[in-house]
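There are 2 protein chains.
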Amino acid sequence: MNFKFSERISTLQPSAIREILKVTQDPTVISFAAGNPAPESFPAAEMAEIAAEIFANDAASALQYGVSEGYNPLRTLTAKRMKEKYNVGRTFDDTLITSGGQQVIEMLTKVLVNEGDVILCEMPSFIGALNAFRSYNAKLIGIPMDDDGMDLEVLERTLQTTKNVKFIYTIPTFQNPSGHVMSLARRKKLLELAETYNVLILEDSPYFELRFAGEYVPPIKSLDETGRVIFSGSYSKVLSPGMRIGFCIAHKDLVAKLTVAKQVSDVHTNLFFQMIAARFLERHDLDAHIAKICTLYGSRAQLMCDLIDEKFDGKVRYVRPTGGLFLWCSLPDGYDAMDFCRKTGEKKVVAVPGSSFSVDEHEVTPTFRMNYSLPSEDQIRTGIDLMADVLKDYVK
Amino acid sequence: MNFKFSERISTLQPSAIREILKVTQDPTVISFAAGNPAPESFPAAEMAEIAAEIFANDAASALQYGVSEGYNPLRTLTAKRMKEKYNVGRTFDDTLITSGGQQVIEMLTKVLVNEGDVILCEMPSFIGALNAFRSYNAKLIGIPMDDDGMDLEVLERTLQTTKNVKFIYTIPTFQNPSGHVMSLARRKKLLELAETYNVLILEDSPYFELRFAGEYVPPIKSLDETGRVIFSGSYSKVLSPGMRIGFCIAHKDLVAKLTVAKQVSDVHTNLFFQMIAARFLERHDLDAHIAKICTLYGSRAQLMCDLIDEKFDGKVRYVRPTGGLFLWCSLPDGYDAMDFCRKTGEKKVVAVPGSSFSVDEHEVTPTFRMNYSLPSEDQIRTGIDLMADVLKDYVK
Chain B
0 MNFKFSERIS
10 TLQPSAIREI
20 LKVTQDPTVI
30 SFAAGNPAPE
40 SFPAAEMAEI
50 AAEIFANDAA
60 SALQYGVSEG
70 YNPLRTLTAK
80 RMKEKYNVGR
90 TFDDTLITSG
100 GQQVIEMLTK
110 VLVNEGDVIL
120 CEMPSFIGAL
130 NAFRSYNAKL
140 IGIPMDDDGM
150 DLEVLERTLQ
160 TTKNVKFIYT
170 IPTFQNPSGH
180 VMSLARRKKL
190 LELAETYNVL
200 ILEDSPYFEL
210 RFAGEYVPPI
220 KSLDETGRVI
230 FSGSYSKVLS
240 PGMRIGFCIA
250 HKDLVAKLTV
260 AKQVSDVHTN
270 LFFQMIAARF
280 LERHDLDAHI
290 AKICTLYGSR
300 AQLMCDLIDE
310 KFDGKVRYVR
320 PTGGLFLWCS
330 LPDGYDAMDF
340 CRKTGEKKVV
350 AVPGSSFSVD
360 EHEVTPTFRM
370 NYSLPSEDQI
380 RTGIDLMADV
390 LKDYVK
Chain F
0 MNFKFSERIS
10 TLQPSAIREI
20 LKVTQDPTVI
30 SFAAGNPAPE
40 SFPAAEMAEI
50 AAEIFANDAA
60 SALQYGVSEG
70 YNPLRTLTAK
80 RMKEKYNVGR
90 TFDDTLITSG
100 GQQVIEMLTK
110 VLVNEGDVIL
120 CEMPSFIGAL
130 NAFRSYNAKL
140 IGIPMDDDGM
150 DLEVLERTLQ
160 TTKNVKFIYT
170 IPTFQNPSGH
180 VMSLARRKKL
190 LELAETYNVL
200 ILEDSPYFEL
210 RFAGEYVPPI
220 KSLDETGRVI
230 FSGSYSKVLS
240 PGMRIGFCIA
250 HKDLVAKLTV
260 AKQVSDVHTN
270 LFFQMIAARF
280 LERHDLDAHI
290 AKICTLYGSR
300 AQLMCDLIDE
310 KFDGKVRYVR
320 PTGGLFLWCS
330 LPDGYDAMDF
340 CRKTGEKKVV
350 AVPGSSFSVD
360 EHEVTPTFRM
370 NYSLPSEDQI
380 RTGIDLMADV
390 LKDYVK
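Chains as they are written, first to last, in numbering that gives the first Met the number 0: chain B, 0 to 395; chain F, 0 to 395.
These are calculated hints, taken from the structure and not from any lab test. Glycine included, each C-beta is placed from N, C-alpha and C at the ideal position. There may be inaccurate statements among the hints.
Calculated pairs, DSS-like style, for lysine-lysine (alpha carbon to alpha carbon, straight line, at most 27 Å) [what the hints assert, rightly or not]:
1) K342(F) with K391(F)
2) K187(F) with K187(B)
3) K342(F) with K395(F)
4) K3(B) with K188(F)
5) K138(F) with K138(B)
6) K187(F) with K138(F)
7) K3(F) with K251(B)
8) K188(B) with K3(F)
9) K3(B) with K138(F)
10) K84(F) with K188(F)
11) K3(F) with K138(B)
12) K188(F) with K162(B)
Pair ranges (Cβ atoms, derived) [unchecked claim]:
13) T161(B) with K188(F): 28 to 38 Å
14) D147(B) with T161(F): 48 to 58 Å
15) Y215(F) with E376(B): 53 to 63 Å
16) Y215(F) with L385(B): 57 to 67 Å
17) K346(F) with S60(B): 17 to 27 Å
18) M0(B) with A184(F): 22 to 32 Å
19) K82(B) with E6(F): 32 to 42 Å
20) P331(B) with N1(F): 44 to 54 Å
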């Protein structure tokens with residue numbers, strides 16, 4: 000059989016990260032390539048207790064069909080927490096529970112973007128989002144970043160000269176892969192630009208609560224008084240990614256359309272785990288749980304940075320992260336990190352080359368992404384040693 | 000804010016069934032409107048035991064990210080069972096785990112159908128599928144049915160005269176809403192027509208194992224030696240719908256594209272429940288469990304039919320179902336079931352008017368769908384009495 004695929008999907012390839020992750024199924028490979036939280040961060044004991052209770056008392060409803068909007072107590076608790084703690088959500092907004100943050104990105108593209116419409120993205124950016132945009136034949140334009148986030152001058156010039164821009168896609172806090180945090184001043188200015196040029200903002204923020212240094216910067220959505228910002232949140236990095244629970248807080252007209260998209264996509268998100276998440280929020284202190292995760296990631300990040308300082312001989316540049324999961328590294332100009340990562344792979348340590356996060360996947364770049372949340376301290380030590388060995392001959 | 004939605008989704012409305020289901024949240028309303036399995040059919044005790052064990056021994060992997068293709072033991076067990084028991088799957092096929100059968104339908108449309116392409120559907124058909132097709136601006140053409148399934152003469156004329164037909168959508172066994180089973184002769188002929196006119200077949204079969212009378216008819220996919228048939232299956236009606244686990248067995252080239260679509264859609268399906276389903280299949284006798292469900296539904300269907308025969312005074316026609324969840328009813332010609340269902344709703348008993356399953360949602364039809372899997376015997380008795388009361392004056 001020769002299948003003729005739709006135009007929207009025919010150019011889409013499996014993501015490079017997923018392919019690299021398959022290599023890491025070899026247990027002798029040390030992976031700095033993942034985007035996974037530490038398994039020690041899952042509140043398994045609390046979840047086990049709640050699950051046993053649901054099976055004992057509420058199995059008939061937990062295993063039955065639910066509504067597409069999401070399990071109501073979880074919607075309510077999520078909205079309440081995001082409002083009280085982060086001032087996210089206004090009376091014109093509504094909350095939708097999704098099958099992970101990824102589903103917010105995919106469905107928002109589906110309901111907003113016609114083929115050929117433009118989405119402005121940070122450069123580099125999250126491959127899962129870029130591929131979701133590509134899967135609807137959106138045209139992606141990358142906006143460069145510095146340590147304070149998107150370059151807003153380039154953004155404004157692009158908005159001035161580009162037709163059919165549907166939204167600006169940003170991960171403003173602990174950006175994937177760069178780790179950058181957009182400054183408050185830029186967040187305000189970004190929102191102003193979105194108002195001026197009448198485009199929407201998709202604020203993708205799965206990491207923003209994982210801060211272990213520096214000062215809190217409020218979400219762009221907390222500044223939104225008109226409904227122009229769509230906030231995509233996730234319980235993946237603070238409870239468990241395997242359960243696939245995320246959420247969207249956005250203007251209710253938009254959430255109504257997203258709910259229709261959700262109905263035809265998967266009807267609703269796994270109801271049993273929506274109930275687990277809701278009861279966890281009711282009974283346990285999620286903030287205290289997150290604080291423990293931050294301590295863990297802070298110490299792993301510090302260890303990785305200290306070892307790089309000690310062993311890489313100044314050959315790799317990076318900025319010390321203040322939160323999130325990633326360290327964004329760069330070889331000296333002119334080097335190709337794809338080639339470097341292939342070489343380290345042969346020595347059984349893997350990172351992700353920066354081209355995987357590029358709007359142009361064939362870009363040659365000296366950058367690569369290192370993850371410090373998943374590997375243990377021992378693995379960090381061994382992995383950095385192995386990388387230092389490769390670097391010694393690789394960069395003279 | 001005024002949002003400008005994409006062309007593909009702007010005409011899509013929330014499904015009438017979902018809106019009716021909201022009315023049924025009133026606990027005093029007897030619902031024959033659902034498509035839900037009986038909660039007594041969920042193997043909650045077995046699942047609770049497996050869940051406790053996973054939390055105790057495998058929480059770190061069960062709560063972590065998984066792969067988009069699905070949890071490997073579940074893929075393997077599903078493929079093995081479908082092959083050994085139903086001869087579904089060839090060496091050129093592959094298996095993908097999805098977030099319910101609905102996701103197979105949505106993603107298949109995404110990867111195959113360009114805007115304006117044609118999908119041929121049974122008339123009437125499952126609203127969730129029709130809306131998924133509509134959400135990609137597919138053009139739907141309905142093919143009438145008789146008791147043996149699709150009218151293949153009309154189908155062939157349509158194939159002869161219609162351009163850009165991508166696939167034929169069929170629920171061949173215990174069709175939703177009609178309950179019809181396509182005869183084996185028609186299944187063979189349908190496959191021949193698909194070969195002749197070079198179109199694919201989406202065989203949606205969430206109910207086919209729920210037979211309580213009559214003779215087994217093999218899936219169309221079991222006859223497929225070329226990879227032209229995509230089989231969409233589901234654990235919703237045999238284990239639990241709330242967990243959202245379905246599967247697709249199709250040619251591996253197609254499954255590869257669907258896997259890319261799955262990556263950008265929700266990354267993967269809830270991993271914990273994939274593990275529960277796999278261990279259930281390993282340790283328990285799913286066939287015996289399904290046999291119990293069939294006995295339950297058979298007796299509820301018989302009760303509903305017997306009471307209709309006794310109390311509806313011949314005013315409602317129907318065919319005794321041999322499996323599945325639904326009884327397809329018809330008022331005398333000229334009556335509008337939408338109006339009738341509104342009237343019964345006022346008396347606190349609800350069914351779904353046939354127009355909800357039509358390619359043309361504004362069609363006036365005397366048909367309506369009754370569900371017998373969810374209501375208890377008492378509810379069936381009371382609900383049929385209430386309907387009989389309405390009928391008495393409604394049809395003279």
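Here's how the hints hold up against the structure:
1. K342(F) with K391(F): holds (12 Å)
2. K187(F) with K187(B): With Cα atoms ~64 Å apart, K187(F) and K187(B) exceed 27 Å; violated.
3. K342(F) with K395(F): Cα-Cα ~15 Å, so holds.
4. K3(B) with K188(F): holds (23 Å)
5. K138(F) with K138(B): holds (25 Å)
6. K187(F) with K138(F): holds (26 Å)
7. K3(F) with K251(B): Roughly 14 Å separates the two Cα atoms, so the pair holds.
8. K188(B) with K3(F): Given pair K188(B), K3(F) holds - Cα atoms ~24 Å apart, limit 27 Å.
9. K3(B) with K138(F): The hint holds at about 18 Å.
10. K84(F) with K188(F): holds (23 Å)
11. K3(F) with K138(B): Roughly 18 Å between the alpha carbons, so the hint for K3(F) and K138(B) holds.
12. K188(F) with K162(B): violated (50 Å)
13. T161(B) with K188(F): 28 to 38 Å: With a Cβ separation near 53 Å, T161(B) and K188(F) fall outside 28 to 38 Å, so the hint is violated.
14. D147(B) with T161(F): 48 to 58 Å: holds (56 Å)
15. Y215(F) with E376(B): 53 to 63 Å: holds (59 Å)
16. Y215(F) with L385(B): 57 to 67 Å: The hinted range 57 to 67 Å holds for Y215(F) and L385(B), with Cβ atoms some 58 Å apart.
17. K346(F) with S60(B): 17 to 27 Å: holds (26 Å)
18. M0(B) with A184(F): 22 to 32 Å: holds (24 Å)
19. K82(B) with E6(F): 32 to 42 Å: holds (34 Å)
20. P331(B) with N1(F): 44 to 54 Å: holds (50 Å)
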